[in-house]
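Visitor: Based on the hints, put chain B in the right spot on chain A.
2 protein chains.
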Amino acid sequence: MTNPILIVGGGPAGLAASHALASVGQASVLVEKEDRLGGAPILTGYAKLVPTGEWAKDAIGGMVKRVEDHPLVTVHTSASVESFEGESGAFSAKLSNGESVDASATILCTGFTHFDSVNKPEWGFGTFPDVVTTSQVEQMISSGNGVRCPSDDRKPKRVAILLCVGSRDRQIGREWCSKICCTVSAKLAMEIREELPDCHVYIYYMDIRTYGLLETKYYWRSQEEFKVKYIKARIAEVTSDGEKLLVKGEDTLVKRPITIPFDMVVHAIGMDPNVDNPDIASVFGIDLEPHGFIAESNTYGVIGETGRAGVFVAGSATGPETIDDSIAQGNAAAMSALARVQGLAVAVSA
Amino acid sequence: MTNPILIVGGGPAGLAASHALASVGQASVLVEKEDRLGGAPILTGYAKLVPTGEWAKDAIGGMVKRVEDHPLVTVHTSASVESFEGESGAFSAKLSNGESVDASATILCTGFTHFDSVNKPEWGFGTFPDVVTTSQVEQMISSGNGVRCPSDDRKPKRVAILLCVGSRDRQIGREWCSKICCTVSAKLAMEIREELPDCHVYIYYMDIRTYGLLETKYYWRSQEEFKVKYIKARIAEVTSDGEKLLVKGEDTLVKRPITIPFDMVVHAIGMDPNVDNPDIASVFGIDLEPHGFIAESNTYGVIGETGRAGVFVAGSATGPETIDDSIAQGNAAAMSALARVQGLAVAVSA
Chain A
-17 MTNPILIVGG GPAGLAASHA LASVGQASVL VEKEDRLGGA PILTGYAKLV
33 PTGEWAKDAI GGMVKRVEDH PLVTVHTSAS VESFEGESGA FSAKLSNGES
83 VDASATILCT GFTHFDSVNK PEWGFGTFPD VVTTSQVEQM ISSGNGVRCP
133 SDDRKPKRVA ILLCVGSRDR QIGREWCSKI CCTVSAKLAM EIREELPDCH
183 VYIYYMDIRT YGLLETKYYW RSQEEFKVKY IKARIAEVTS DGEKLLVKGE
233 DTLVKRPITI PFDMVVHAIG MDPNVDNPDI ASVFGIDLEP HGFIAESNTY
283 GVIGETGRAG VFVAGSATGP ETIDDSIAQG NAAAMSALAR VQGLAVAVSA
Chain B
-17 MTNPILIVGG GPAGLAASHA LASVGQASVL VEKEDRLGGA PILTGYAKLV
33 PTGEWAKDAI GGMVKRVEDH PLVTVHTSAS VESFEGESGA FSAKLSNGES
83 VDASATILCT GFTHFDSVNK PEWGFGTFPD VVTTSQVEQM ISSGNGVRCP
133 SDDRKPKRVA ILLCVGSRDR QIGREWCSKI CCTVSAKLAM EIREELPDCH
183 VYIYYMDIRT YGLLETKYYW RSQEEFKVKY IKARIAEVTS DGEKLLVKGE
233 DTLVKRPITI PFDMVVHAIG MDPNVDNPDI ASVFGIDLEP HGFIAESNTY
283 GVIGETGRAG VFVAGSATGP ETIDDSIAQG NAAAMSALAR VQGLAVAVSA
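Top line first, the protein sequences correspond to chains A and B. Heads up: the first sequence begins at -17 in this note's numbering, then just goes up one per residue. Heads up: the second sequence begins at -17 in this note's numbering, then just goes up one per residue.
Copies of the same chain are indistinguishable here, so a pair counts whether it falls within one copy or spans any two.
Calculated cross-link-like contacts (lysine-lysine; reagent style BS3-like; alpha-carbon spacing at most 25 Å):
#1 Lys230 with Lys214
#2 Lys30 with Lys211
#3 Lys139 with Lys211
#4 Lys209 with Lys237
#5 Lys15 with Lys76
I should point out that these hints are in silico values taken from the structure, not numbers from a laboratory.
With the rest of the complex left out, here is chain A (with noise of 0.2 Å):
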């Protein structure tokens, strides 16, 4: 029998992690920081996912619930690692609420952090209460409450969606794009429109990349069914007259300043390396890639694995991920774990 395999963050990878190993015998400790299990989609409050259409709250807390429910996985929330020697198939790890885990591998499914836009204050973040964050529009959403202007409560009749708040931007140190925002952007303006239809809705763009199978998902069809209009455009500032808020930029298609009033102004923003990052790879004795998120060391090798061998990472703790790919990735780094310890298992025993 080996040890249990520590597993690290409880969102879509962390939890796909320590199902996967469940489902195939293989013991694991889940360790969130949080007070409850789900990760961003269940703590931020998303409401339909990216590309399946379901609620966060029926996917992502179904994956929960399998998680808690099953014998072979141990859940400690509100809980982090504050120590982790030792070397692959035997190592020690002390959590914060003063537990001790003999772990025989670990994955680190840490994710991201939401950028903040208060650094980005030119963009009206902070200063006007109707300039909000896709992450509110989400739970404006997910609450049932509908998308209203923080203000007043008011339905607005004119929504402007900023891409790349966070994302492509080298002035204030984030030079990757963020991958899933335009997507995510194209999704809430079709809920936007299915709730509000009298609302128009703008959405600014530096490139559209919803890629893939995407493209006809939620670029076209938030166009053709949703009349969603996109505006390439660079954004110079969002001021208000006192009554609107007012969008002001160069449209970079006809070459010309742009300014366009909106009741109110969504800022999508990108995904920051998980704030802790420092921490962790202290910790656990890894390194860090040139941004700022996790390092992975083997792509073809062995997939998900740090420079220490027995550790592997998963999911957005790599960089801006969907939900999907970090549910593979935290499958694959299961596989790649259970692939290890059952590789030292059986030397062990031979």
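Guide: Below, chain B alone, put in the same frame as chain A:
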């Protein structure tokens, strides 16, 4: 002892799945229709892979070798599955080489078909010998012969790479985005500039989709370090003045017609559904999604399962996919299949 798991297709996803299963003691039978393993990266002759920069023949070649060498993997090349009967836990397959396989589950890793540029005749492929595809440029580089104009073997002084050939193009029935061509094109542009520093390389695009961390490594690096030029344009046609190829179109940023002469024009060809998919769907009793790729039925429950219990799918069989994601999905589908097979084994022995 359960029956082996049948894996159809020996590209990155199939190689990952069969090795993953072998590494935890589960036998598999890998069936490949071509005469050798490796899939598109090997059969097409890719050069360096995105995003690692490793040579395909080393990276994917290594995956081939460890599968061929593993006692728990039985490989059939130049073979296809002609019939597939039974149910999860007890399938029976007949191969075109006369062999029969009793399989507990199956994973379809049947990949994609490169778009054939003759279906876009106005862009010059098949008419002018110096209009080539990204696959041909990969071969020029991987062969060690370097990038040369096919008509007279000269070193090109000006190269145009046209994105979205067979992608995002409703006129020819391909509405989807092929996900990785932008990045591959940026990579090839840098490789051309590296070999031929005097050669100017232009990339014609609609949207640049170097998503996630690819943004830094390919989009920014190609412009800043390698001086690759990007032109947002709608291409009308590729013709010739008898000496040079002429790319005619409209620059959509300045709204003006542009005609630029080139020595070589490269089609960044997209990913079509595998041309065999209707047959595969019929043999395995599964569904295709609207574009013709293989449909997955469940993201959050059992990853990679199709509508038929015990039949799984991974990689670019499901839609345009990267090699890394194909490998992750191959591992994930292997985990799902293993759980199903072990669950059945337990149920039978209980």
